[in-house]
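Listed in order, the protein sequences are those of chains F and B. For the first sequence, my numbering assigns the number 1 to the initial residue and increments by one for each residue that follows. For the second sequence, my numbering assigns the number 732 to the initial residue and increments by one for each residue that follows.
In short, the hints are calculated from the structure, not lab data. Hints may contain errors.
What the hints assert, rightly or not - Quick look at which bits of chain B chain F covers, simulated, 3 or more residues with Cβ under 8 Å:
1) 757-763
2) 843-852
3) 944-958
4) 969-981
To be verified - Straight line, CA to CA, 25 Å or less: simulated PhoX-like cross-link-like pairs of lysine-lysine:
5) Lys371/F / Lys391/F
6) Lys770/B / Lys128/F
7) Lys420/F / Lys371/F
8) Lys88/F / Lys886/B
9) Lys733/B / Lys128/F
10) Lys159/F / Lys420/F
11) Lys723/F / Lys1011/B
12) Lys128/F / Lys837/B
13) Lys1011/B / Lys128/F
14) Lys371/F / Lys723/F
Cβ coordinates follow ideal geometry from the N, Cα and C atoms, glycine included.
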Amino acid sequence: MKFDTPAGRNPIDQQKVIGRPTDRIDGPLKVTGTAPYAFERNDVAPNHAYGVIVGAAVAKGRITRIDTADAQRAPGVLSVVTYENAGKLGKAKAHTATMLAGPEVEHYDQAVAIVVAETFEQARDAAKRVRVDYARAKGKYELKAVKDAAPIAKGDKMKTARGDFAGAFASAPVKLDATYTTPDQSHMMMEPHATIAAWNGDELTLWTSNQMIAWAVRDMSETLLIPKEKIRVASPYVGGGFGGKLWVRSDAVMAALAAKAAGRPVKVALARPQVMNNTTHRPATIQRIRIGADKAGKITAIAHQTWSGDLPGGGPETAANQTQLLYAGDNRLTETHLAVLDLPEANAMRAPGEAPGMMALEVAMDEMAEKLGMDPVRFRILNDTMVDPEKPERKFSDRNLVRCLEEGAKNFGWDRRNPKPAQVRHGDWLVGMGMAAAFRNNMNMKSGARVGVDRKGVVTVATDMTDIGTGSYTIIAQTAAEMLGVPLDKVVVLLGDSRFPVSAGSGGQWGGNSSTAGVYAACVDLRRRIAQKLGFNSDDVSFADGKVSSGNRAVDLAEAAGDEGISGEDTMEYGTLEKDYAQATFGAHFVEAAVNVYTGEIRVRRMSGVYDAGRILNPKSARSQVIGGMTMGIGAALMEDAVVDPRFGYFVNHDLAEYHVPVHLDVPHQEVVFLDTLDDKTSPMKAKGVGELGLCGAAAAVANAVYNACGVRIRDYPLTLDKVLEGLPMA
Amino acid sequence: MKPFTYERATSPAAAAAAVAAKPGAKFVAGGTNLLDLMKLQIEAPTHLVDVNRLGLDTIEATPDGGLRVGALVRNTALAADTRVRRDYGVLSRALLSGASGQLRNKATTAGNLLQRTRCPYFYDTNQACNKRKPGSGCAALGGYSRALAVIGTSKDCIATHPSDMAVAMRALDATVETVDGGGRTRTIGIADFHRLPGSTPWIETALTPGEMITAVTLPAPVRGTHIYRKVRDRASYAFATISVAAILPESGTPRFAFGGLAHKPWRVAAAETRADGGAKAIAAAALAGATPTSQNAYKIPLVERTLTAVLAEGRAA
């Protein structure tokens, strides 16, 4: 099915199942610990051995010698695989660094070997016995040191301009020129990357933890140089990904190599420090923002230049994304620069681009509002746009930012904010309020599914879509239930297996809308087949209450399926609506934060927001996504910081004791309101992504609240107490 | 983790003898720190002597009005003891500010004193660390030092001691009771228990090989306001950037011990006798001779600021 004209009325609009707050259908499995995650699949590979990956001890250089003799002799060891005996490997186009180093080392903790043994303990012990000598090479590890020589990145929209920014900025009566920095961040999902690999002849099966099944098959094929048809990837449950599992990583590749060498299935999980230095991370950014406005607050000039680094051949953090679309202004400029750094591979982390970009832009907007003596909400409303400001002929498909701002301000009690910083003290705490817009692009991805009904009337949906904790199982079940007129408990959902039709996968907040649109397409196909089988005119058939009806005839769905059952399959594909219209999601974050007058400690007291993401398929799991994003925003604002040691080129604080993410006590009451909107240009679901929106802007709202609380403006994230103290008068 | 042998001790003296007899042997109690370090091969004991079933898990009144806390009293139990809560509030508060409920349920009184540093270079076996590998150097010097020590450091080590409990014990003038492999017992004042790094940062305490802690004794309580103020980067489950254990008696000399500043809980007598000068004077005396790095210099004003908060809280109490 092709979606190339705006959606008309369709069965999803009934909202009998869709749009209702629904418990996760996989919830009981999760809370009883019986949802089988990759590392626990002993049922599929009962005779598996254990693999432990040895990482490079240097960030850049060359392996001069690997001595595995001691490891080979260690108790229980079955095999040791290094580049010397791994055989010829390719490099997947999606990978910037190779998954197995040798002889070149591209980054710290890059896999140099895997040791396979009968038990995990034996493998871990033997891994420490692998001796590797390196010839260390000089690398570049500090973004600020290489920034000025960094060219504009290759690709679309890496440099955009309209009007005469320089002239308009020079003549603007009110202007801001400020530079912000965001640090490297690690995904730090609960479940580390983990895989069981098993060979059957020349066929490979991977039970793994991955967001994008078809990409995983492709990248394994390109790496192992075997046909895609010989690879099966299964990832039905994923304990968080945040973009860190968009691509197969060393756990999958090394498990496959190890299983081949050992002649046994092999199980591999990355240790927590490896999540930080062996896999990908969100790169640090330096962002310069200039805004010029007239005295009434209308933006006349806006520029956003951003710098990040990656290994040679890698990509940039596109932190200027939102500045291309969020606010009006006739004279504009964005530039996205990319430097070469020899740190581990930079890559996507939840809301790549907007997450760090909004951390800078929305603080700049706060600073600009202050310069104008204007309320920050009012300043944003004044500069709202209903068209793509770089291409005014291109409208937004649906945009309700102003409603989010106004309703959000009202719900939060924004009118009680004192615009002058450092005026409100409760006990030992200075208290302030801050806000920021939320913005994240909406992307649609081709997505397929197969839907069948059996003779008991049970509907089974199969698609390689993943559920990375987001609630995919449930919204897919809701979609099928709505389309086929059955209750939710009549729907079985099978996900995350390359034997199923290729879906959108989970990433870029496209999964929810795109995967359900694919299920919609498959259900349309199934409805047509059922109508045809029953001899109904398919234009005049309704599916409700477990029955298929047309005119005065009604047949039980189970009966219609018959003994052999019936199934449909289709893939939703997209036309040019995404190009013709700017599609995005919007919101407004409001935060109350407190700063300790003595110690500079920051604690968030209240978060509240209004969000617009089209139809909310499941308000319960969508809310969970948004509060998860807000929580990640607290982390980004106050603590997340993968610290680079520029002497050695690695992330030093590589465990959860030292790389801080928020704990329960850091997270206050969070209020989420969704606008009741439909976007008919996104898909028949009329929905948009919501998985990343809650993060975008949240950290800036915290930073703005901190400024309002204590009067210290910090432009380098995270806002730690030492930075507060630099500007905080002695109590 | 390297393979190791294991035995369960039958008495404290037998445990001490067993550890003394085998080079590379260690005691294991709660295991909340040691087992993690073994998995990372930062610690690689050849033999573990499990002391968990030796009793030593009671808190008893002493004849002079203090408390004798068994080495194996869990942090949760110690923090919740009604006598501790009533008479040694600084200790209860310090304990509850550390780790998480699950860890405190396992972690023991003796083990808490023996925690290893959280210096990130100690935690990466590819990096130089004199604690982990004597003579290998100190990668923290010139490295990421935001959380590390500002005083009492050496050219060989700038690590801190991570315990909260030990800081309170230092303010309380606790004494550590031990037994060695020959069955000899002794007591060590908490001030002398932890060492500064000097040129042997791998030697962290006054314990001799095989010497086992059997109890920690708290002297008779000091009446007054007991405060433990831990400053940290997140609201819970974080090591202190700095902390202050304060006992503010109604009359007489106050006591201040500090965490997060040094290789041991930091307490300076001159700072207490100058307490009338307020936070500035106390901080100046406590930090005399400090040698912070550019990354942890913020701890210097933070000590004064936190003391200001503590004194204000004391006045309000």
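Taking the earlier hints as the rules, which of them does this structure contradict?
1, 3, 5, 8, 10, 12 and 13
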